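Make the full structure from the sequences, and use the hints.
Here is how the chains run, residue by residue.
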Amino acid sequence: MSEINHSIVSVENIGFSYGTDAVLKNITFDIEKGDYVGIVGSNGSGKTTLLKILLGLTVPVEGSVKLFGTPLEEFREWNQIGYVPQNVFRGDLNFPATVSEVVESGHLQAGGKDLFRFGACDVVMNALKRAGIEHLHKKRIGELSGGERQRVFIARALVSNPLLLVLDEPTTGIDTTTEEMFYDFLDELHRSGITILLVSHDLEAIARQVKTVLCLNRRLVCYGSPANLQNPEILKAMYGTEKNILHHEHKH
Amino acid sequence: MSFLSLFQFDFIVRSFEAGMILAVVAPVVGMFLVVRRYSLLADSLAHVSLLGVALSLFFNIPIFFGALTTSLLAAVGMEKLRRDGYVLGEAIIALFLSSSLAISIVIMSLSHRLNANLLSYLFGSLSTVSSLDVIVLFVLGIVALFFLLFFYRELFIFSLDEDLAKVSGVRVRLLSACFMALAALTVTASLQMVGVLLIGALMVVPVLAAMQFHRGFKTTLSLSVFFSLLSVFIGFFLSYSFDIASGGAIVIVAVLFFLVTYSFNRFFVNFAFRKPLN
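Chains as they are written, first to last, in my numbering: chain V, 1 to 252; chain Y, 1001 to 1278.
In short, the hints are calculated from the structure, not lab data.
Source: prediction; values computed, not measured.
Wrong hints could be hidden among the right ones.
Only pairs whose alpha carbons sit at most 25 Å apart, straight line, appear in this in silico PhoX-like list of lysine-lysine [claimed, not checked]:
#1 V:Lys66 <-> Y:Lys1166
#2 Y:Lys1166 <-> V:Lys52
#3 V:Lys52 <-> Y:Lys1080
#4 V:Lys138 <-> Y:Lys1218
#5 V:Lys33 <-> Y:Lys1166
#6 Y:Lys1218 <-> V:Lys129
The following residues of chain Y were derived to be distant from chain V, with all beta-carbon distances above 12 Å [as the list claims (entries may be wrong)]:
#7 Arg1082
#8 Leu1110
#9 Leu1155
#10 Ile1157
Quick reminder that beta carbons are idealized off the backbone N, C-alpha and C, glycines included.
Right under this line is the structure:
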């Protein structure tokens, strides 16, 4: 693949509304290669809607999105994007799938030849190893803990060697220790060259982890250094009330 | 009469071939319906097919053509309503199921001569299978298996999570439309053999029995086909040995398999081998 010399994600003047209720207005930003961006905001600030627009799951009312320099409507290189949705199982733990099968489904380019293969192939094992869960490959997905399941879906996202990893509230429902290990793992991935876009309501974790924050409250409040999250005016613009971040130990 | 001696009759060979093909295709399509929580779709499409049969008899057009057209139209309509999101998924199925049955009943009451013909489609009969039916089923089986072979991964992700499928580059609308068409075709082709009231069971019950083993997707799919083949085989034998309705016999055997696997799972796997709580 040729060296990318344009933004990985380019958003220009995006707007979205449900009827007359404007959910997003005039959102413009670029994500460059190697960046680690955290989208933060209160409930109803438009975080998930923005993410869905970026991934082509929701069509904006106005504005445009480019992925890897290509307008979203013409973009076909989906293997360059690894997506980890929030609560993918929606509580159905009886879904009959092993960890290997879920991870393998992220490797669409191989076509349908794998129908008759019951074990995990090398590509899948490598992705599982990278996510530190190769020992779980035969387990059924419904048997895993929340943290393990998140890693399975990250392994699934990694199996196609993506340049951009997109995660929607990845730490929802997992305990603090697992959460810390999870963020360390994301750090490792970022250091290996993957651009990361993360949506979270957890301000402290975002302030600690990312290189760039995108603060949202239906409009773009700020886009820049995580130090912005120390600014009371920005926090007030995001949440409407005073809010403090207790521990901010930035890693970058 | 021994079981093997039954095969000296052409109509029995035909019905056995048809039953075996159906035993492979029905759970393959049914598996994706079950995991998408769309199990009743087959029942709904079967009732719509009955409307197609009624219309075909009323207007004197080929029955397969009429039943397939109505079930395809219904499949497209149901998918459209589901995507629009204004009506709940299960309610859409109920809407199509009851409205098509209502129209069928009205047509039956308008033309009393249809009653006997139409009622034969409610329960089906393997003994009425023609050579053409076997050919149609064979073609359907090939189409269904090739569809599965080429789009297995896409169907798998689509069943797991639709958004995930879209972001993986799957053309979800096209895939969904093709799958619904395949479901409609399967239901229509098996209508005469298993009947409107039982086709849904043949597509769903072997899958439920296989799911009790708590295995992966491919293993569950293989076990579904295995239980389905066994159900058709044993049901076919019982049907001719005791002169009972083939559709009913097949589905009862499938339900028995489910009960056995469910009980085994509940009492042996969950109970006998579970570590005691300290």
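The hints, checked one at a time:
Between the alpha carbons of Lys66 (chain V) and Lys1166 (chain Y) the distance comes to roughly 17 Å, so the proposed pair stays at or under 25 Å and holds. Proximity of Lys1166 (chain Y) to Lys52 (chain V) is assessed by CA-CA distance (about 11 Å); at most 25 Å being required, the pair is judged to hold. In summary, the hint linking Lys52 (chain V) to Lys1080 (chain Y) is supported, as the alpha carbons are separated by about 21 Å, within the 25 Å threshold. As the CA atoms of Lys138 (chain V) and Lys1218 (chain Y) are separated by approximately 13 Å, the hinted pair is consistent with the 25 Å bound.
Proposed proximity of Lys33 (chain V) and Lys1166 (chain Y) is supported: the alpha carbons are some 23 Å apart, at most 25 Å. About 23 Å separates the Cα atoms of Lys1218 (chain Y) and Lys129 (chain V), which keeps this hinted pair within 25 Å; it holds. Distance check for Arg1082 (chain Y) against chain V: the nearest CB is about 16 Å away, which clears 12 Å, and the non-interface claim stands. Distance check for Leu1110 (chain Y) against chain V: the nearest CB is about 45 Å away, which clears 12 Å, and the non-interface claim stands.
Non-interface call for Leu1155 (chain Y) relative to chain V: violated, since the shortest CB-CB distance, roughly 9 Å, does not exceed 12 Å. At roughly 5 Å, the least C-beta separation between Ile1157 (chain Y) and chain V is not larger than 12 Å, which violates its mark as non-interface.
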